[in-house]
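Please model the complete structure; the sequences and the hints are all you need to start from.
Residue numbers (the UniProt record's numbering), protein chains in the order written: chain A, 1 to 138; chain B, 1 to 157; chain C, 1 to 477.
It is worth saying that the hints were derived from the structure and are not from the lab.
All figures in this text were calculated on a predicted structure; none of them were measured in a lab.
Hints may contain errors.
Facing chain B, from chain A, some residues (calculated, C-beta under 8 Å) [said to hold, decoys possible]:
hint: 1; residue: Asn7
hint: 2; residue: Leu11
hint: 3; residue: Ile36
hint: 4; residue: Glu134
Ideal placement from N, C-alpha and C gives every residue a C-beta, glycine not left out.
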Amino acid sequence: MSKVPRNFRLLEELEKGEKGLGPESCSYGLADSDDITMTNWNGTILGPPHSNHENRIYSVSIECGPNYPDEPPKIKFVSKVNVPCVDSTTGEVKSSVFHTLRDWKRAYTMETLLLDLRKEMATPANKKLPQPKEGATF
Amino acid sequence: MASLPKRIIKETERLVSDPVPGITAEPHEDNLRYFQVTIEGPQQSPYENGVFNLELFLPDDYPMEAPKVRFLTKIYHPNIDKLGRICLDVLKTNWSPALQIRTVLLSVQALLASPNPNDPLANDVAEDWIKDEEGAIKTAREWTEAYASKKDQKSTN
Amino acid sequence: MGNAPGKLGDGTSGPGETGNYRTSSGRSMSASSAGTGNRIPPWNAEYNVRSRRGASLVGNILSTSGRSRADSVGGSQPSKRKSTKEREQAKETHAKQLVVKFDETVDGGFLAPYGCYGFEKLDYDADVVRSLIIDRKLAPFYTPLQDFDESWTKEELIKIVDGLPLHASFDENLEKYEDVAVGNLKKTNFDELIDKTLSKREQRRMRSKIFKARLYRKRIIWQEIENENFLEQKLESKKPNSTSKNNSFLASDDLKYSLYKNGAECPICFLYYPEPLNYSNCCLQPICTECFVQIKRAEPHFPHDEVDPTQPVTNDDEKDPNLLTSDPPNCAYCATPNFAVTYEAKADRRVGIGGMKPSTYKLPKEPSNNDIEPSAERRGSRTQNNADVVASDMIRPDWKAKLDKERARLARRSANATAIHVSNRLIDPDHPSRRGSNYDSSSNRDVQDLEEEMLARAIRLSIADEEVRNQKKSNSR
Numbered sequence: 001m002s003k004v005p006r007n008f009r010l011l012e013e014l015e016k017g018e019k020g021l022g023p024e025s026c027s028y029g030l031a032d033s034d035d036i037t038m039t040n041w042n043g044t045i046l047g048p049p050h051s052n053h054e055n056r057i058y059s060v061s062i063e064c065g066p067n068y069p070d071e072p073p074k075i076k077f078v079s080k081v082n083v084p085c086v087d088s089t090t091g092e093v094k095s096s097v098f099h100t101l102r103d104w105k106r107a108y109t110m111e112t113l114l115l116d117l118r119k120e121m122a123t124p125a126n127k128k129l130p131q132p133k134e135g136a137t138f
Numbered sequence: 001m002a003s004l005p006k007r008i009i010k011e012t013e014r015l016v017s018d019p020v021p022g023i024t025a026e027p028h029e030d031n032l033r034y035f036q037v038t039i040e041g042p043q044q045s046p047y048e049n050g051v052f053n054l055e056l057f058l059p060d061d062y063p064m065e066a067p068k069v070r071f072l073t074k075i076y077h078p079n080i081d082k083l084g085r086i087c088l089d090v091l092k093t094n095w096s097p098a099l100q101i102r103t104v105l106l107s108v109q110a111l112l113a114s115p116n117p118n119d120p121l122a123n124d125v126a127e128d129w130i131k132d133e134e135g136a137i138k139t140a141r142e143w144t145e146a147y148a149s150k151k152d153q154k155s156t157n
Numbered sequence: 001m002g003n004a005p006g007k008l009g010d011g012t013s014g015p016g017e018t019g020n021y022r023t024s025s026g027r028s029m030s031a032s033s034a035g036t037g038n039r040i041p042p043w044n045a046e047y048n049v050r051s052r053r054g055a056s057l058v059g060n061i062l063s064t065s066g067r068s069r070a071d072s073v074g075g076s077q078p079s080k081r082k083s084t085k086e087r088e089q090a091k092e093t094h095a096k097q098l099v100v101k102f103d104e105t106v107d108g109g110f111l112a113p114y115g116c117y118g119f120e121k122l123d124y125d126a127d128v129v130r131s132l133i134i135d136r137k138l139a140p141f142y143t144p145l146q147d148f149d150e151s152w153t154k155e156e157l158i159k160i161v162d163g164l165p166l167h168a169s170f171d172e173n174l175e176k177y178e179d180v181a182v183g184n185l186k187k188t189n190f191d192e193l194i195d196k197t198l199s200k201r202e203q204r205r206m207r208s209k210i211f212k213a214r215l216y217r218k219r220i221i222w223q224e225i226e227n228e229n230f231l232e233q234k235l236e237s238k239k240p241n242s243t244s245k246n247n248s249f250l251a252s253d254d255l256k257y258s259l260y261k262n263g264a265e266c267p268i269c270f271l272y273y274p275e276p277l278n279y280s281n282c283c284l285q286p287i288c289t290e291c292f293v294q295i296k297r298a299e300p301h302f303p304h305d306e307v308d309p310t311q312p313v314t315n316d317d318e319k320d321p322n323l324l325t326s327d328p329p330n331c332a333y334c335a336t337p338n339f340a341v342t343y344e345a346k347a348d349r350r351v352g353i354g355g356m357k358p359s360t361y362k363l364p365k366e367p368s369n370n371d372i373e374p375s376a377e378r379r380g381s382r383t384q385n386n387a388d389v390v391a392s393d394m395i396r397p398d399w400k401a402k403l404d405k406e407r408a409r410l411a412r413r414s415a416n417a418t419a420i421h422v423s424n425r426l427i428d429p430d431h432p433s434r435r436g437s438n439y440d441s442s443s444n445r446d447v448q449d450l451e452e453e454m455l456a457r458a459i460r461l462s463i464a465d466e467e468v469r470n471q472k473k474s475n476s477r
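Here it is in structure tokens:
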């Protein structure tokens, strides 16, 4: 099977995000719609139900480097959140801890990443963790 | 299926042996379905004297699916958006498997010669084009000069 | 899969002496010859009575490879909903029909494609295509040559054709099935592979993924069994004292030469096939059957209008689902609507199903005259009988059902979207749709989540209603 090159892969993801074809629990789009390199992205995660995140919307920023998707993107929470895989001072998702980043596969997308983060927020160990005031940012 | 289809091999060979004037297309060494493309702006168009870089990818279903093509050089054109995406019928609904890399790139070149603001991708550019065609053509010339001038290409290469 | 002259083991007679012929996967070919035993030989002694007999044998062959033809006609109707098991069964039957079998041969070609296109793209109606090939209304699926060189001698050409595999090599490790456990392929039930802790919907998804991965693997195995079989038969036939009757399926050297010496390149896949190919009905351009079966209607879509850039674009969600259209494909060469082809089999090369044994074919005495005439005829006055024209829609009769399904899906989706938008605006001032984010309702949405949320919103809505009413009451007092 052929490998879709970075830029065309990102265009596919952009289109999916723009048309709202993805799941409703997350969204993502280019941070700068003029950026021909398509490096910086904004994402949101809708807090999972039956957890302390319910009804909250978390903003994240995603950086897809030149070697994406062979290498995982960098992802950082903008909204304050209390989850073990997120650095409590910078908001960065720790790639050594978070399995989707650690065991990254080329077939994964930004959507995979956002949905997996949402699942992580909803695990029995994490869903009742005390959360910062809604609207606080890193 | 596992290896590169004969069609792609033959097309690539023919692009080298029988090049199209004003157009180059070379596959990347590590991905033979991924091409680095340049197109010269057509004469008597606002893109004249410009050399535009593009990228082209042949998806798995090629030739049943159209190649994917995008401008890498900034260009002011009603059918090309800020990210270099191209609104061109043969790349979408009017694709035919009898078309080739060569014919697609010629169509892109033809699109530079005849912009169609009534079927736009870049809405703001198309609006300018309809309201003030002369002004839009002037801007297109300036952008060509600024981002696609041949001298620049040479010095960066 | 180049065209290097292939070799057929220790063939002491014949041109293919030195041998490294491999199965498509490169596996050793010592294994099973199972499957040959119970095969129905399409031409035993009394089977030289042409077409009528042929038809019943065709029926036999078709039914041994799965469902009967009557079944399949019923199956393509959009009638009742099928269970998961039934759908899986139908897919498996379809996949079996895509296996190239050397003893299902028509005029030196086959009833299933060589494999230039991916397995998942072979979604045409296999029953229809097989019948069209047997009826000589569509060229058989020939094994292509990657290249052709005019300077090859007859011996060289035969050697190359001898080395051709039945099917292109497979990509055994598809990225998308990379980490899908397929379990024991011999067992029909794979329920134990599904993670029961997942939600119902995720279980369904997992099941579908595992099923696809298993079917992909199974199909490779089925084809390999055929490949090995084919190879064994070829080796057997090369033995000087071979008398095996099974060899009657194999092409004679004259047949191989007749097929490939005057071939043509298909303008779409650039591969070299025996003439005649199929020809487009409108502009008489050649197309191989493997490419022809790939050409189909575009997915249902809304008509593409020229838009006024000064007006906002209408979202697809807001359009009338009944406006969704799908048109028959255009000719790949001249864009004439409703792509259709014709095929004129060579009358003096009628071998295989409904013809003579491929192993007994001899070149006609003066082949050159015969070769030129048909194409001259073709270009001249061609009074093509309509019944012989094969249109793209004929090989995918399910297009109407697909269109209706997509319309219904869209109608449901826009109904959902409307309900959600209305309720959001009414009760939830913080809902993203009010803040400009794009949380559009989408088909992928978890139905259970959705229902849950709808219920919750409905309750909140009625509470809000109640409050408003109470307020009105207290105001009016």
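Numbers of unmet hints, in rising order: Of the numbered hints, just 4 does not hold.
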